[in-house]
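Residue numbers (the numbering used here), protein chains in the order written: chain U, -13 to 764; chain P, 5 to 288.
The set of hints was computed from the structure by calculation and includes no laboratory data.
Where hints are given, some of them may not hold.
Claimed, not checked - Facing chain P, a subset of chain U residues (Cβ under 7 Å, in silico):
(1) R1
(2) V630
(3) T631
(4) E635
(5) N683
Said to hold, decoys possible - Which chain P residues face chain U? A few, computed with CB under 7 Å, are given here:
(6) F107
(7) D153
(8) Y154
(9) L155
(10) R186
(11) A256
(12) M258
(13) I268
(14) G271
Cβ atoms here follow ideal geometry from the backbone N, Cα and C, with glycine treated the same way.
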Amino acid sequence: MNDLPEAIGKRLPRRDAADKLAGAARYTDDLARPGMLHAAILGSPWPSARILGIDTAAARALPGVKAVLTGADLPERRWGLFVYDETALAAGVVRYVGEPVAAVAAADLATARAAAALIEVDYEELTPVLSIEEALRDGAVPVHPHFDSYEKRPDLGFERVNEIARQEFSEGDVEAAWADCDVVVDGVYEVPSQSHVYLEPVSAIAEFDRAGKLTVRSANQSVNKVQATLSRALDLPMSKIRATTPAVGGAFGGKSGVTVQPLVAHLARATGRPVRLTLTREEDFMMMRRRHPAIVRVKTGAKADGTLVARDLEIVYDGGAYAEDSPAVLGFGLLMARGPYAIPHCRLRGSAVYTNRLRAAGFRGYGNPQVTFATEAQIDELADKLGLDPVDFRLKNAVTTGGRWIGGQTITSCGLAECLTRARDAAGWTGKRPGSGAGTGAGANGRLRGVGVSAFAHICGLLGTSATVRLLEDGTVALAHSAVDLGQGAEAALAQICAGALDIDIDRIDSTSADSGAAPYNWSTGGSRVTYMVGRAVVKAADSVREQIVRHAAETFECAPGDIEIRPGGRAGIVGVPEKELSFGDISLRAHYQAGGPIIGSGGLVYDGEAFDYKEALIRNYPFARIGTYIFGAHVVEVEVDTVTGKVEILRAWAAHDVGRAINPTAVEGQIQGGFVQGAGYALVEELLWEDGQPINPSMMDYKVYGAPDLPLEIHPIVVEDPEPSGPFGAKGIGEPPLVGAAPAIANAVANATGLRLRTIPMTPERVLDALAAAAEE
Amino acid sequence: MQLFHPTTIDEAVTLLAAHEEARCIAGGQTLVAMLNLGLLDPPALVSLRKVEGLDRLVRHAGGGVTMGAAVTQAALAAAGLPGALAVLCEAAQQVAHPAIRNFGTVGGALCHADPAADLPPAFVAADARLTAVGPTGERSLSAGDFFVDYLTTALAEDEILTAIHLLPPPTGSVGAYYKFARVDGDYATVSVAATLTLEGGVCRAARIVLGSCAAGPLRLDAADEALADTRPDGKAVARAGALLQEAAEPLADMRGSAEYRRRIIPGLVARAVEAAMAKSEARS
């Protein structure tokens, strides 16, 4: 692939950047419609309670109030991704603090909020289920007593009360394999609930026209999911719903399902007016989504020479009050639980459970950060016991191209070893790692210094997508797809792929995206899949346009299509005859006005890689037969641990990622740095907390995320390119993996600095100081 | 809610007295957030933004300083005050974020009297004197007497803090503010404001004040005396730290448990003293 088109691999500035920097980008809350009403929500004060009655009289009496809705006013129609357990407003019972109980639409926001505060709800408190342990204990109270009656995707595998799903990926014979191990390490790891903290809180505007068609403008990751779920929630055919997407201020998985769109649509239907709702930051923290906290038990064994032999892993994810994406998060976590190593004997099992806390959902990494924190910490613990260098130990067991993933899929491209060696060498690993976990790290002023590594994998692929490419009359191009630009640069990357496929300048491409009425289907902007999957659809559509261009040129020159070549810059001509050529504009005019009709190409696909091999592996209740191609990364992090305060400071990081091909290296590096920062927050500072079911830090004053001054400038992205044969120009995904590898590398660096293994994150100063004090007492 | 824009202090005091439960507003960085959260709903706001001279920082001959209550935190952060008064600039540099410091005022931060805020311990360490003006006239009180309790000052409801006075810092004096927080811009988990007067490496006087460790800035005569007439080395500093640790009654919140906060006090006191000493060494 040395003769890549001009547009591929180019560090192009993003087209949305100037508007965003100038504050000119328009997000949903910036938009208004004529006659628009404003909405407010009343949330539940209890984690579990029966609604005995709701008095809305005072709210309705407030001047300016146009509608007040409660669960009783809405049709009994539930939705969900795997279990249909959700409603727009609580139906009879509340299951978490903050759950929307009633909603108001009024002429202005202050009136809507004042009215919501006037609604009186009579509750009978019920016993809440507030932890994984409580959910699974014998005689546990069911969070959903009517779970059995919900419509759901079959075979989720649940066995116990409060289990949403139970799954397994196993190969070999784990029990017999322990006898072959010289060293076995066993541990329990706990990971927290992280909040998405996108900059833009959830927002939607809904309106019906006189013909009964609903238009919803909202922050989302998939107009197609919004459209489909609204169809179910409002009992409208999809042809009566248009979902569009203004600028979106980040999502990270938190906007991948529907959020407030059904509620706002119900208010619009009830009032006959456009209605806008934007959650406050506190409401967003309490009502939306979060990463699954989890408890992970892992046991891994190896031979004295460093060959990994067996792993037994059991994980329980806290899914919160509604199932949302839990079955898929669970299964994906298990699929990643062997790690990127050829371990012949594995038993990887787990479940996701209901609790009376905020629903958990997809979040950058999708079950993988939880598992990888535990397993990559354990790989270091094993290396320690074996007296092996952690990088060498990983390299010895690393999967390679042509190898098998657990479940039997062949690995078609793998830059893992290159990621490990390049991160190690860039970091100056050998000089920085004076001892392994013996508290030998040198530092000044009561600070201990250490360095740690992680290796990890992810996938890109998943489900269906499509794109269209049209040649405009002047030979420029209109590209349409439904990838949402969440701030990650999807629009630019896909335009670059389109420009590459047609070998024209990117300025000749216009994009329309994420509008269910104007752009073709895409399952979702998530799962690190847009560059790989939507990119493939764009190439298919562009290839169809190329074929048509060639046909027009051949007809014009009265030659065989095989004699026509597409030339850089938007021209088609006869091979070997430079002067015989037509511009795309000439060809498009011919198509529009003389023969053939306007040129339009479309491409669509469902992920089509190798399926799991159900004969080789025991795979129980995983909802997909094939999900994606594998992507790889390795991080090296250098930290200092302050022995006075317990605070962990990241000094430098090297994050190497195999992206197959970097379509836009600047955007890839941005994803790597941003993901690492979010992963550092997960490792060290971020945790949603509850007391007696009440969230105690649902604000940006109490829940802290890292900002620029907290982290080093030296987060070095290292882009590794091992082209994926099925990818567009060899490209794979990058969105999630940079988060996945951060926490374990940081924990391993802390262990190297202090000699202490922290198995719970976030590693807050207090937790670290407690561990240092406990060690000092021993 | 009524909003008034007086141009003189007398006018402001009259307005404040005329409207029960009225509040003064200067930079609004705390007050507006509290209004938005519905924590306060005063019938009237008396803005101090147009009061003549209130945003002025005056350096007197001899090194003393008088600053109006509406001097912004950003202005104080950049003032480059000499000797022990550097503790004020360092504390101001670490208040929240630049946008907040550009609006937030010194007087506002002192009057809010949040025990986790940065400026109160620094002003106590600098031994500032505060001027309050009310209907019956003007009075002066020390920063140490100003902070009464959690979010409570010695100001009467009808008084306005107008100015802060600082005596010329003694020759050989140094100051430093050491803040420990979860992330940049957060309130302190624990902070230490330290001023020392040094004579040939010997500490003649010290004021060590903790933030986030009690209902207000925490200073102990015994701790300060433990440092006096010593070369503030490990032992004396450890003694001062231990005394402060014993006296501390920190709250537990998202930033740390009370026990954790108490535990890190001696180490942070040592760092603050060390930072102050380093300035003395750099000077000589």
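When the hints from earlier in the document are held up against this structure, which numbers fail?
1, 4, 6, 7, 8, 9, 11
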